[in-house]
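Number of protein chains: 2
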Amino acid sequence: MDSLYTDSIKRLIEQLGRLPGIGPKSAERLAFYILHTSKDEALALADAIRAVKEQIRPCKDCFNLAEGPLCPICADPRRDHNTICVVEQPKDLVALEKTGLCNWVYHVLGGHICPLDGIGPADLTIDRLIERVRSGQVREVVMATNPTLDGDGTALHIASLLRGLPVRITRLARGLPAGSTIEYANDKVLADAILGRQTIQ
Amino acid sequence: MDSLYTDSIKRLIEQLGRLPGIGPKSAERLAFYILHTSKDEALALADAIRAVKEQIRPCKDCFNLAEGPLCPICADPRRDHNTICVVEQPKDLVALEKTGLCNWVYHVLGGHICPLDGIGPADLTIDRLIERVRSGQVREVVMATNPTLDGDGTALHIASLLRGLPVRITRLARGLPAGSTIEYANDKVLADAILGRQTIQ
Chain A
22 MDSLYTDSIK
32 RLIEQLGRLP
42 GIGPKSAERL
52 AFYILHTSKD
62 EALALADAIR
72 AVKEQIRPCK
82 DCFNLAEGPL
92 CPICADPRRD
102 HNTICVVEQP
112 KDLVALEKTG
122 LCNWVYHVLG
132 GHICPLDGIG
142 PADLTIDRLI
152 ERVRSGQVRE
162 VVMATNPTLD
172 GDGTALHIAS
182 LLRGLPVRIT
192 RLARGLPAGS
202 TIEYANDKVL
212 ADAILGRQTI
222 Q
Chain B
22 MDSLYTDSIK
32 RLIEQLGRLP
42 GIGPKSAERL
52 AFYILHTSKD
62 EALALADAIR
72 AVKEQIRPCK
82 DCFNLAEGPL
92 CPICADPRRD
102 HNTICVVEQP
112 KDLVALEKTG
122 LCNWVYHVLG
132 GHICPLDGIG
142 PADLTIDRLI
152 ERVRSGQVRE
162 VVMATNPTLD
172 GDGTALHIAS
182 LLRGLPVRIT
192 RLARGLPAGS
202 TIEYANDKVL
212 ADAILGRQTI
222 Q
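Residue numbers (my numbering), protein chains in the order written: chain A, 22 to 222; chain B, 22 to 222.
Careful: at least some of the hints might be erroneous.
Since the list gives no way to pick out one identical chain from another, each pair is judged satisfied if it fits inside one copy or across any two copies.
Stated by the list, open to error - In the BS3-like style, the derived pairs of lysine-lysine whose C-alpha atoms are separated by at most 25 Å in a straight line are:
{"hint": "1", "residue 1": "Lys46", "residue 2": "Lys119"}
{"hint": "2", "residue 1": "Lys81", "residue 2": "Lys112"}
{"hint": "3", "residue 1": "Lys119", "residue 2": "Lys81"}
{"hint": "4", "residue 1": "Lys31", "residue 2": "Lys209"}
{"hint": "5", "residue 1": "Lys31", "residue 2": "Lys60"}
{"hint": "6", "residue 1": "Lys46", "residue 2": "Lys112"}
Hints are computed from structural coordinates only; laboratory data are not their basis.
With these hints in hand, go ahead and build the complete structure from the sequences.
Structural data, given as structure tokens:
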């Protein structure tokens, strides 16, 4: 079995198998695809991986993924730079942007406060957020941390630091997820939906 | 939407999305993993892809994937070099080897004869197989092409070229797949099972 693959193929399968959601079978299948495809195409993938690790750095304003000093959103003058939406990770930002409803700018925390994992406020970009708000241009901070214990805790901590500054602090609405059924909603979701009930007429 | 990702991230998502079984959502998820993982780990993957394309070439005897002149199987003196198992692709070889039942060597055709796709006998490594058999050391050639119209056709063509040479020509058994049910087996499978029925006592 061990002699089945040459060293470089073994290494490729092993590396591919580390990717999330790629099991040993899929890693083998992907490796065979890479072996079978043109050299140009395979090297394009290798170079894309290398480029991303060498060129991507945090945006100096919001810590989103950027290639220059600023991310594409912070660099966009048509954006409303007076409203900052606070997210945990760049992928949360992407999910929000895909709705097409956001014209604000962001602040990427880099995670959430989680004492159990040893992640305190100083490990996130909270200081820089407070600075941005203090600079005086910001009218609203929209908390878009995950609706979890840690996410909520992080949002509350930030809100407490912003108290006293002339800025409106909001958070994304809680309630029933669209398309779901009340029958299968859990207590927590129903409680949010009941307490946050909205006027419809 | 277009400004969501920087150029290098867009390119990585696009390249990952070309892999088989990786849709746009998975490509995004993998890209975020690569962005998030350590630089060392990401570059290890990029290098593994590059290495495989630069170091892997066909075995000079059997056309299996090899790093040196010979593949690990052809280079193994404990193998029975007098029995050659003919497969279409390296991944067929891997599937057979995983049974742990094979001690033979292989010959990788590089596909099957398929006039509709413009693939004739000259596009495969058939000539080299005939040469190997002619060299006189080979006692048995086991056809392990796919049990399809094209695979069977390719096996028959090769068998006809080997006719007259002092070599036994066999093919993998046809019949009911283990673990299946007769109720749902199709006519072709049942016909193979009936015609090839085996004595059990």
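Cross-check of the supplied hints:
Taking the shortest Cα distances, lysine 46 and lysine 119 sit within 25 Å of each other only across copies (13 Å), while inside one copy they are farther apart (32 Å). With identical chains, the CA atoms of lysine 81 and lysine 112 are at most 25 Å apart within one copy only, with a shortest distance of 18 Å there and 48 Å across copies. In the homo-oligomer, the alpha carbons of lysine 119 and lysine 81 lie at most 25 Å apart inside one protomer (23 Å), although the nearest pairing across protomers, at 52 Å, exceeds that limit. Taking identical chains as interchangeable, the C-alpha atoms of lysine 31 and lysine 209 are never at most 25 Å apart, the minima being 47 Å within one chain and 38 Å between chains.
For the identical chains of this complex, lysine 31 and lysine 60 are neighbours both inside a copy (18 Å) and across copies (21 Å), given an alpha-carbon limit of 25 Å. Proximity of lysine 46 and lysine 112 under a CA criterion of 25 Å is satisfied inter-copy only: 12 Å between copies versus 27 Å inside one chain copy.
Hint check: a violation occurs at hint 4 only; the rest are consistent with the structure.
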